[in-house]
Amino acid sequence: MFELLGVPPQALFGQVLLGLINGSFYAILSLGLAVIFGLLNIINFTHGAQYMMGAFVAWMCLNYLGLNYWAALLLAPIIVGATGIAVERLLLKRIAHLDHLYGLLLTFGLALIIQGLFRNQYGSSGLPYAIPPQLAGGKNLGFMFLPNYRAWVIVASLVVCLSTWFLIEKTRLGAYLRAATENPTLTQAFGINVPLLVTLTYGFGVALAAFAGVLAAPIYSVNPNMGGDLIIVVFAVVVIGGMGSIMGAIVTGFSLGLVEGLTKVFYPEGAATVIFVIMVLVLLVKPAGLFGRPA
Amino acid sequence: MTDLASTDAPAAIVTETDDGAARLHRNLFIAIAVALVIAPFVAYPVFVMKVLCFALFALAFNLLLGYGGLLSFGHAAYFGMASYVSAYTAKNWGLTPELAILLGTAVGAALGLVFGALAIRRQGIYFAMITLALAQMVFFFSLQTPGFTGGEDGIQAVPRGKLLGLIDLADDRVLYWLVAAIFMGGLLLIYRVIHSPFGQVCKAIRDNEPRAISLGYRASQYKLMVFVLSATLAGLAGATKAIVFQLASLTDVYWTMSGEVVLMTLVGGLGTVFGPIVGAIVIVAMQNYLATLGAWVTVVQGVIFVLCVLLFREGIVGVISKAIRKPL
Amino acid sequence: MKLKMFLAASALAAVMASPALAQQISVKAGVLNDRSGLYADLSGEGSVIAARMAVEDFKAADKGIKVEIVSADHQNKPDVGSTIARQWYDQDGVDLILDVPTSSVALAVSQITKEKNKVHINSGAATSDLTGKACNANTIHWTYDTYALAQGTGGAMVKAGGDTWFFLTADYAFGHALERDTAAVVTKAGGKVLGAVRTPFPGTDFSSFLLQAQASKAKVIGLANAGGDTINSIKQAGEFGIVAGGQKLAGLLVFLTDVHSLGLQAAQGLVLTESFYWDTNEGTRAWSDRFSKLNGGKRPTMVQAGVYSGMLHYLKAVEAAKSKDAAAVVAKMKELPTDDPLFGKGSVRADGRKMHDMYLFEVKKPSESKGPWDYYKQVAVLPADQAFRPLSESECPLVKK
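Chains as they are written, first to last, in the UniProt record's numbering: chain D, 1 to 295; chain G, 1 to 328; chain V, 1 to 401.
Check the hints yourself; a few may be wrong.
[To be verified] Using 25 Å as the maximum straight-line C-alpha spacing, the simulated BS3-like pairs for lysine-lysine come out as follows: (1) D:LYS139 - V:LYS188; (2) D:LYS139 - V:LYS377; (3) V:LYS219 - V:LYS192; (4) V:LYS248 - V:LYS59; (5) G:LYS91 - V:LYS400; (6) G:LYS162 - V:LYS365; (7) V:LYS188 - V:LYS114; (8) V:LYS133 - V:LYS188; (9) V:LYS365 - V:LYS248; (10) V:LYS377 - G:LYS91; (11) V:LYS322 - V:LYS66; (12) V:LYS192 - G:LYS91; (13) V:LYS66 - G:LYS91; (14) V:LYS365 - V:LYS332; (15) V:LYS377 - V:LYS28; (16) D:LYS139 - V:LYS400; (17) V:LYS219 - V:LYS114; (18) V:LYS66 - V:LYS332; (19) G:LYS162 - V:LYS114; (20) D:LYS139 - V:LYS322; (21) V:LYS377 - V:LYS400; (22) V:LYS116 - V:LYS28; (23) V:LYS66 - V:LYS364.
Hints listed in this document are in silico derivations from the structure and should not be mistaken for laboratory results. Note that the coordinates shown come from a computational prediction; the quantities given were computed from them, not determined experimentally.
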């Protein structure tokens, strides 16, 4: 039995798998950010709060409406996505022609408002949300105990990420979207309703965040601050992947989860910082990120 | 990103050589000096000192963004590290306050030189992200060296000491004059820099970098210099703050601090000389007086930021400047 | 001149109107805690309610003591907390500051309290330094501290057969202190520490660390963390079948509100130490019923109970000293025995440590619970003299010879 730096290979394999699962969340969240940034040119700081809303809507569905996890998985993205559409129409639209910075600031303010309101209503220590009974328990894979729910997380996120990629890169709707990203005025001239496309895109990006929130509810603490610190890490993921790059966001999300997972084994204290180290290195070597086109 | 300041800064409305503006600025400086003298008798001195420290921090940040066109998302690093160094040396080496502040400032400058040299190689959002990432590493360093930074407890009970070994600063009213002098010095220095040939070149680079380069200016050297200057002044603000509050803590190096200084500058008016001061007053006052509101604080803050972006994009001073058609 | 006369006359009238005391004392108490962050539920507005209840129960007005209570949010930041404390003492005439969770803020406030010669009764913070090397004559640490938590959970678990430990330690000074103190207790009681892992703070995903803990085969996994970290690690421990696999989870700093937020399904079997639980006896139940009516149905945490008890004792001391002078009041607080329905009889030690029993609880299974907030069953009682650090080991300059 050989060991790598004192860690048996089985344990290492388990950690890699766990890292990938955590990467799922990064992937879905950074995908949403990337889609929004691509078309709206807005760095959506509210993303963390919208992820949190997804988890809370799941909780509300269960406690107020008696709807289970599966219903919430479908409903929460729709509901939160609808609020996103409202935000775009009422607020973001007004500052669309301005610099990134204003979008960032506006969405940051919104995040503060949303988090504050939830905190007033539900307190700060969080709410219980159980794993759906169909996915309770786990399997012993020999090298590790894999909870069924984690397996589901990785499958669900892969499906969502790949379908999004397919939607944008391979369908007609996606083609409109890419055209509007490239040159909105010209696209409009071809008779495509770009403002509507922008609104729907924002709603979709937000829905992705909410979806991640519902996925997270059974395993992470459901509290108003759950998205606050995550958002900075997800930014880093998007930047490393290349701003606006769909595939970049997905691949980088999963791989950074993996890197972070390995760091947790060899240098646990540094796990929260390793992503930023990578970001600096990548930006110095590849200025537009790993998958971005040079400006 | 880089054309941000040029599109929104009211400085572009009128030419810099406006005589009326120069006179107005001189009167404003006199007004600020008078306000500084009166302030400790009207308001709570510690509160005024806090405002002054943050105003200096925001001024330093505005120098970089408003006049250099560089959006740094990691200014907490210089502010916080200087604050640690100043607190540590005053407490453990027994340095006099002025030496501790100077040493803190020097460390801020050195850090600015290293980080700046790395960051200015990239532009726009990537520049912002590199500064953020570097600042996160400083945060990590601070967390991992509790022997130096005191971990999350911070460096507490820092002695205010005696200025030049003579004047005891324990009394708030005595310390106030030192802080006011540092602030005024920083403000005058920044004003001087902005209106110097160096400042003009920086603005030229901000507005159109390729053109400035084609005119023979080494853009990256100018950018680095303005970056280091900004980091140094941010360090000065942080080092002073550590002596005023007798405390240096992780809050000072966390990314939210970098965000706060962006907010102060924007609320006050980006690319205006006096805007950051007003922004700092507004934000610090808000944090102070809203503290009793409890959980509603964040909601109120959020509403203010949203309103600012929707209605007062030029910031408070920017709006005034537009109204009187003079750069402020 | 006329106005002054009028004021003097009305002040005189006010004094005359309260026949119980010749002299009216007015006290201003500030409740400084987290009202928007991680600890808002376990302290927050509930602590303010508790302080008001103490004033009411003491019948302060009848005894000629006028009490005003103010409150503020320190956002768990030492700089924010110390600014507010300074302003309260310098400007607003606050005489005592209560609660102050978060050790870093508590240490800063305690320092300022000493400087300004006021009184600080801490309920929310954990660090035992407040009555250790950072102690001072103006600070009293009321409810619990890291030493007592380690004694309670560490000592009792080893006695119950949990003699091998693995720690999940939040990577900051507070987590390290908690781990160090508990490890010392475990080793002293004959147990063994198999390993520890430092987790970035604050963290969301602990699965990787839990896997390492699982692989260590330790009988007990000690959670040297707090708040969201604790909740996340317990939630995920359940997911990875750690408790079901025979390992025990020991929460080194867990509050009732944390258990409430986890739900019994996830928290069952968790062992923890607290100094107060609402369902302990008739007195605690009656008080908690009143409290929860005022606090939107939420039961009190030990921190909120500590604010009540501390405020009550302070008022007793003011009455006895017939003054609100800090030195006189603190001297009286240390001289008079404490007695209230929540913590029973106790005392305040020379180093500022409030002495009372601590309790070791285990979280009930969902089937054992009779309803919301019925969460704990008592496992053991730790007498005060065993729970808290003996004066002979103290680093406090007040008691060192």
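A quick look at each hint next to the structure:
no., hint, in the structure
1, D:LYS139 - V:LYS188, "violated (38 Å)"
2, D:LYS139 - V:LYS377, "violated (32 Å)"
3, V:LYS219 - V:LYS192, "holds (10 Å)"
4, V:LYS248 - V:LYS59, "violated (46 Å)"
5, G:LYS91 - V:LYS400, "holds (24 Å)"
6, G:LYS162 - V:LYS365, "violated (62 Å)"
7, V:LYS188 - V:LYS114, "violated (36 Å)"
8, V:LYS133 - V:LYS188, "holds (23 Å)"
9, V:LYS365 - V:LYS248, "holds (14 Å)"
10, V:LYS377 - G:LYS91, "violated (48 Å)"
11, V:LYS322 - V:LYS66, "holds (13 Å)"
12, V:LYS192 - G:LYS91, "violated (39 Å)"
13, V:LYS66 - G:LYS91, "violated (41 Å)"
14, V:LYS365 - V:LYS332, "violated (44 Å)"
15, V:LYS377 - V:LYS28, "violated (38 Å)"
16, D:LYS139 - V:LYS400, "violated (57 Å)"
17, V:LYS219 - V:LYS114, "violated (44 Å)"
18, V:LYS66 - V:LYS332, "holds (19 Å)"
19, G:LYS162 - V:LYS114, "holds (21 Å)"
20, D:LYS139 - V:LYS322, "violated (69 Å)"
21, V:LYS377 - V:LYS400, "violated (39 Å)"
22, V:LYS116 - V:LYS28, "holds (15 Å)"
23, V:LYS66 - V:LYS364, "violated (43 Å)"
Figure legend: structure checked against the earlier numbered hints; hints not met, in rising order: 1, 2, 4, 6, 7, 10, 12, 13, 14, 15, 16, 17, 20, 21, 23.
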